[in-house]
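The opening position of the sequence shown corresponds to residue 0 in numbering that gives the first Met the number 0, with each subsequent residue numbered one higher.
None of these hints come from the bench; they were simulated from the model. There's no promise every hint is true.
[Claimed, not checked] FRET-style restraints, in silico, Cβ to Cβ:
1. T29 / T2: 30 to 36 Å
2. P68 / K126: 17 to 23 Å
3. T141 / S93: 30 to 36 Å
4. R9 / S93: 19 to 25 Å
5. L4 / R125: 20 to 26 Å
6. H51 / V146: 35 to 41 Å
7. Q150 / E38: 19 to 25 Å
8. L4 / R132: 34 to 40 Å
9. Q150 / Q53: 32 to 38 Å
10. P140 / T105: 14 to 20 Å
11. S114 / T2: 31 to 37 Å
Don't be surprised by glycine CBs; every beta carbon is placed ideally from N, CA and C.
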Amino acid sequence: MVTILISPARADDVTDLIEIQTECGLSQWTSDGYGSEMERLDSVILIARDAHGQPIGFIAGRVIDQAHPPEAEIYNIGIIPLYQNRGFGTQLLSEFIEICRPQDVTAIWLEVRASNINAITFYRARKFVGQDRRRSFYSNPTEDAEVMSLQL
Numbered sequence: 000m001v002t003i004l005i006s007p008a009r010a011d012d013v014t015d016l017i018e019i020q021t022e023c024g025l026s027q028w029t030s031d032g033y034g035s036e037m038e039r040l041d042s043v044i045l046i047a048r049d050a051h052g053q054p055i056g057f058i059a060g061r062v063i064d065q066a067h068p069p070e071a072e073i074y075n076i077g078i079i080p081l082y083q084n085r086g087f088g089t090q091l092l093s094e095f096i097e098i099c100r101p102q103d104v105t106a107i108w109l110e111v112r113a114s115n116i117n118a119i120t121f122y123r124a125r126k127f128v129g130q131d132r133r134r135s136f137y138s139n140p141t142e143d144a145e146v147m148s149l150q151l
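With the sequences and hints as input, model every part of the structure.
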């Protein structure tokens, strides 16, 4: 079994985050976008590395403590194809959830492309439930988003 290390992403990880998002076909954020996100106090960006220190995936989101009760949002999660279907995405998601719990987060929300059946299946297997559909939410190509949530 491959061991991974999950830790908070740092500014010098931005290039790795961009490479992972590109390899995984995720929404494209810029270096400045990641840099700005890392400066936010409510931001949670975790990077996963294999035993050799090579980046293999990440999760990016926020804890929205202005909501009553507090909620969280996941903006991006991805594991490079070579490491997919080995439980690493679940480990990243679990770590994100564990960061949310002490902040009294009651729900985690996300949007996923309606055509991304693999991701929707992944989330449903982890008790996320479909809540809504946002028409033409994504561009390049234009596509609906499935809104999902997990109650903690």
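Quick rundown of the hints versus the structure:
no.: 1; hint: T29 / T2: 30 to 36 Å; verdict: holds (32 Å)
no.: 2; hint: P68 / K126: 17 to 23 Å; verdict: holds (18 Å)
no.: 3; hint: T141 / S93: 30 to 36 Å; verdict: holds (33 Å)
no.: 4; hint: R9 / S93: 19 to 25 Å; verdict: holds (21 Å)
no.: 5; hint: L4 / R125: 20 to 26 Å; verdict: holds (21 Å)
no.: 6; hint: H51 / V146: 35 to 41 Å; verdict: holds (37 Å)
no.: 7; hint: Q150 / E38: 19 to 25 Å; verdict: violated (30 Å)
no.: 8; hint: L4 / R132: 34 to 40 Å; verdict: holds (37 Å)
no.: 9; hint: Q150 / Q53: 32 to 38 Å; verdict: holds (35 Å)
no.: 10; hint: P140 / T105: 14 to 20 Å; verdict: violated (34 Å)
no.: 11; hint: S114 / T2: 31 to 37 Å; verdict: holds (33 Å)
Going down the numbered hints, you'll see the structure goes against 7, 10, while the others check out.
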